[in-house]
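There are 6 protein chains.
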Amino acid sequence: MSDYKTFEVEQIGKVAHVRLNRPDKANAMSEDVWREIHAIFDWADTDPSVRAVVFSANGKHFSSGIDLAMMAGLGASLSKEVGRNARLLRRKIIELQGALNAIEHCSKPVLAAIQGCCYGGGIDLVAACDIRYCTEDARFCIKEVDIGMAADVGTLQRLPYIISDGLMRELAYTGRVMDSDEADRAGLVNAVYPDHGSLVDAVLEKAQLIAAKSPIAVQGTKEMLIYARDHSVEEGLNYVASWNAAMLQSDDLKRAIMAQMSKQTPVFDD
Amino acid sequence: MSDYKTFEVEQIGKVAHVRLNRPDKANAMSEDVWREIHAIFDWADTDPSVRAVVFSANGKHFSSGIDLAMMAGLGASLSKEVGRNARLLRRKIIELQGALNAIEHCSKPVLAAIQGCCYGGGIDLVAACDIRYCTEDARFCIKEVDIGMAADVGTLQRLPYIISDGLMRELAYTGRVMDSDEADRAGLVNAVYPDHGSLVDAVLEKAQLIAAKSPIAVQGTKEMLIYARDHSVEEGLNYVASWNAAMLQSDDLKRAIMAQMSKQTPVFDD
Amino acid sequence: MSDYKTFEVEQIGKVAHVRLNRPDKANAMSEDVWREIHAIFDWADTDPSVRAVVFSANGKHFSSGIDLAMMAGLGASLSKEVGRNARLLRRKIIELQGALNAIEHCSKPVLAAIQGCCYGGGIDLVAACDIRYCTEDARFCIKEVDIGMAADVGTLQRLPYIISDGLMRELAYTGRVMDSDEADRAGLVNAVYPDHGSLVDAVLEKAQLIAAKSPIAVQGTKEMLIYARDHSVEEGLNYVASWNAAMLQSDDLKRAIMAQMSKQTPVFDD
Amino acid sequence: MSDYKTFEVEQIGKVAHVRLNRPDKANAMSEDVWREIHAIFDWADTDPSVRAVVFSANGKHFSSGIDLAMMAGLGASLSKEVGRNARLLRRKIIELQGALNAIEHCSKPVLAAIQGCCYGGGIDLVAACDIRYCTEDARFCIKEVDIGMAADVGTLQRLPYIISDGLMRELAYTGRVMDSDEADRAGLVNAVYPDHGSLVDAVLEKAQLIAAKSPIAVQGTKEMLIYARDHSVEEGLNYVASWNAAMLQSDDLKRAIMAQMSKQTPVFDD
Amino acid sequence: MSDYKTFEVEQIGKVAHVRLNRPDKANAMSEDVWREIHAIFDWADTDPSVRAVVFSANGKHFSSGIDLAMMAGLGASLSKEVGRNARLLRRKIIELQGALNAIEHCSKPVLAAIQGCCYGGGIDLVAACDIRYCTEDARFCIKEVDIGMAADVGTLQRLPYIISDGLMRELAYTGRVMDSDEADRAGLVNAVYPDHGSLVDAVLEKAQLIAAKSPIAVQGTKEMLIYARDHSVEEGLNYVASWNAAMLQSDDLKRAIMAQMSKQTPVFDD
Amino acid sequence: MSDYKTFEVEQIGKVAHVRLNRPDKANAMSEDVWREIHAIFDWADTDPSVRAVVFSANGKHFSSGIDLAMMAGLGASLSKEVGRNARLLRRKIIELQGALNAIEHCSKPVLAAIQGCCYGGGIDLVAACDIRYCTEDARFCIKEVDIGMAADVGTLQRLPYIISDGLMRELAYTGRVMDSDEADRAGLVNAVYPDHGSLVDAVLEKAQLIAAKSPIAVQGTKEMLIYARDHSVEEGLNYVASWNAAMLQSDDLKRAIMAQMSKQTPVFDD
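Residue numbers (our numbering), protein chains in the order written: chain A, 65 to 334; chain B, 65 to 334; chain C, 65 to 334; chain D, 65 to 334; chain E, 65 to 334; chain F, 65 to 334.
Simulated from the structure, these hints should not be mistaken for lab results. Just to be clear, a hint being listed does not mean it is correct.
Any copy, or any two copies together, can satisfy a pair, since identical chains are not distinguished.
Mimicking EDC-like on lysine to aspartate or glutamate, the simulated pairs with C-alpha atoms at most 20 Å apart in a straight line are [said to hold, decoys possible]:
{"#": "1", "residue 1": "LYS144", "residue 2": "ASP334"}
{"#": "2", "residue 1": "LYS124", "residue 2": "ASP265"}
{"#": "3", "residue 1": "LYS144", "residue 2": "ASP315"}
Kindly produce the complete structure, drawing on both the sequences and the hints.
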């Protein structure tokens, strides 16, 4: 496993455990963080021995969001020419979006384990994960409005599929904090755990469960869910028909059916 | 009414009651079941005397999903030529999708009454219905991942519009069972009833209520809701404007308004 | 402020308070109401001193929906020529849709405060607002099916993004009444208040909170949320990158960051 | 081969030659014609021994368009109830569209050979074919405007992909006749032949050429071209990547490459 | 007819002749021109006695494009605040687009008659018309690149549907001038006439021909062609089926068919 | 400039001249070629001193298409497991598509200069360029059907926007060769030159012309044209309004207008 400046990455069986590791900075997302997210999820996407990913964070808070020092540096790099600044800023935003897209494009499910503050860029990040779980002390805030900007790396695009429209708008316009209980009822997280230890254990266990399934089935399911979100039902149906034209010829299907008939647990190749 | 091998179909007033009838096989969905669903809903769609449909199932379980014997037969029909197998499998999937699409394309609302297991193909089926109700003992499972495949007849396309994204993914990746209480909170079902008898009675009553409304209004509403799901708001608005250009000239509108003014119950033609 | 026949409009600081004022007619939506909604929200959209809008209604009920006298007048204007009637009706529907679209297209957030009945056209109206709050005695009804027509000014297009699919269909097919408690659980409203006074106070307070934020941030956020709803995630990401290419060069961003660092409250120009 | 009332269908090697056979009625499209087109192309789609189709017409004219007797019959079936008439007409239009869609959905290329008049419904028909060829005496007319209606079975949807926008609109608004020379320059036909005999011979020869290619390659190409027409470039690229994931494992690819290396003509299974 | 500052508008039978009238300024498009285009085409859209429109220009040149004085004025209105400038510019562009959209949204066909220079904004304008005709001395130029900007009122969006992609890009990147002969071959214009007099006569004659057809048929055709351009074939087919559900009940259809059978010329109401 | 194995890259003023350099292999596209295309166009995209690109090829032929040795190697890497082969092939296709997408995503116009054979993958390549020019001896062939597959790296997605639908299908189904004259009439190339020398000179000159324009204007134009191709006209208009909100604040606009008024040639920064 590569060495990262801002992450600890560990592979436990078929599960990659990715831990954001800037606890003294409240896991603020610096240039290094964005770049390493991109690299780590490209690796997780292509290494067949990884079948599920857990994204957690060391320290008291999941993440306070984008590093303000990085924002300041970006501001300092601007010139007086509005057109060329616009070109530069657009490229930069697309680059940051690319880091979080790498989580979504990672063909393996990504489970987020969230404690303490999950603010601003932290919400953009977990919205790109497949499923979210949190501790009782977790709290969430779409903070961009408070730094004078519309969120631009995924929250406003992905969160409306996760929580209801009215709540989404209230959070986005007011920047108010949402606690773990409301997050649970709103569907932002699937379950709440008493503390960080029990949270991470539970999420790793769920990831192991997923990693034991057929990777052809799980990865096809993720592809189909993301495709369905962005297309009409009819297009989604046509796409899965063309996709499964190949995938139903996989050995995994036979192996799974045989196992089920003989009441055994099937084992699948990567 | 035609004779069906795997269904009992009865018309009660303006409501068609469609009962899946393979209770000894846990209502597993065989070739016959798929073909007859297609035929029954084509009939319900075009017979104007049917104005609402209830889909229920005889026996202890709503459905255990696709019949494994049918899967095995399909597997046996494959050759060594991957390309031609792909062509054949794609056609087969589209044919099965077509059966469930017939439920969605049926211009009359379809209400599902669910008891016991509703697994795999059973979920695909009820996701294509308009509304779902269940008994306390009902339980749901997106089982495809456990037979080594991505679901391909509608669950991954339609369910994300019904339940929240995070829960959807957990169910699809893990294949875990969801009980009636969670299904109710998740919005998968609209109400839970103590047992099969009270469930079917209540759902039939709701269907009768719908069947007494103007069929022009109800069927236009279903068309608009499905259109809206698959298009932008602006396109949906334009479509309903073109649609109602004809439909607001219907007698039903006058009859309904007159009835409302005179505090009487309007009666509508089929 | 202009004089309106059916509305009272007041500007409180940066918040426009728009009150529907036909209490003796249960705030039924007459020709005047539709026309004035269009005018008021065009004004609120373009006047930079307005940064948030509260939409409330005088009297016991928010609105009983479209004025039946207006419907009757429209019916009386039809000839025997179906084709030309269709052309006329289509234009009329598009004109009415335009009034409610003006709420959605208003670049400032619109918060609805709802008491008593909110029926038919009233639902179309509040579905076009950003966020909804109500009193305990509020009740909601998609009433169009009971006057023999499919709703055609927004309910069937916008409400499915706000409440779950199964509930949406039940309400639309049956025309049953939903109380404030169910509306709260369904996500139709964000909060419920004991009475009209406390409701309006609370909503005005939320609006003031929003109006104090950077208008560049808030209005960009509304634009992005509506764009995201109608496009794929990928398209939404590209759009916000192009949008923020300009907007991140705004002074508001610098002002907000500086305020945050110095723990002060930033003040933003209109 | 089945017996048809209004068609002669012959299979020559791997090519189906479908001849419209109502020469005494200028091949006007009667109820029988529409129904048999649907049946013939469903057959051509699923019979693997058919690899290309030629659509020609007996007599002096390709087709004068929809049979006016059929239009009259449809008119006679209407009642005084506008709403129910609208429902009936919509179903009928969708049924007729379905016949021509069967040509487009037929997985094998369809080549049209056109002589004399190709008017109204005849244009809708050839626009649904893959490629068009004609005789010098051929002439084309979007005639619907002259019977007081907008064309509704495909011309207005498919022809704009074939000829330029400005010409399309002139033809559609004025109903003027276009001769074979203009049709050639406009791209409506790929080539012009002196008479019906040389036309049919040439088109059959082209069809035989196509029928000798790998059916996996040809049918995949048709699927991709139709998909590309209706989607963005990016979506088209993603779709072909998923499609070819299966199809590149076909034996045809190996057989074709080996043949090419050894300078031999490959022979492909159906 | 209203009085316009920069246009002469005359109604000849059922045809509106709209003449741009700033010949001494080479018909440069000033604030007045944009505003009056919007007003004139809103009128032409809703006045049923207008069934076709001819757009021509007085003087030697059709139009030199946007008035540079107007551009300068816009520049002068900008402040130092990039974000608020962006908001203002976006509104202004959308307002100008709205003027040309009024041509496209006008339900009656619009025929452009072009002489001399048709540059910059002039191309945006004629691209929004249905059909274009020109004199031999006409010449076209996508001039925006030469004033340092990407065209933003329609050329880059509409022209690619009219001329081929490769030519489109060459013209847009280089700003080179295209003469009438190339414009004819490229499909930008449908025909070329020797001089302005013969051009206007011929175009008026074509407009009269269109105006004599059923307005239900012609206007439905325009609606369908624009819808088809912006949607998939399948969506276009569904839309026309819903549209014609009303329109086939129009008297025009019966009148047209009866006239055709009795070899007479039908006359249609507005 | 980096060293490439299969390309010569030279920067002439603001124009990058990219020459494919495997003349002894008829410029067959090997693994190196695909990888280096990706790298070169990523560089051309981000280096602001490059403002236009010419893509030409050394030797007698532009390119014979994909290297069959590479195809063979890919075939050899497949296992017996159809599902995992499908996963691998899909990734590989997406990787190759990514190389040609880099040409399309390069923000600067790319002009292709084509001589001799331009077959198979060569067509995919030039279809991703902005504009194509060729020599008299050039000939084009969509060759994929002859190696038993549907083209999957762009021809079937991009070419239909360049040439007419009927011709597109004939070329794709039959694999017949098209000469330079037909390519010119079909709009595949914008001009034909007598020989390679005059071709390259002319194309470089056109590229220099483009490179002298405002890069803000030219690059915005490319972005808008590609966006327009993949979206409806209305979406394209909205996108350019948001885009130009920033770009019209660029100095280039002022500089260009001032130059035009003073009849001077403006000079623009990169």
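Can you list which hints this structure breaks, lowest number first? Of the numbered hints, all hold.
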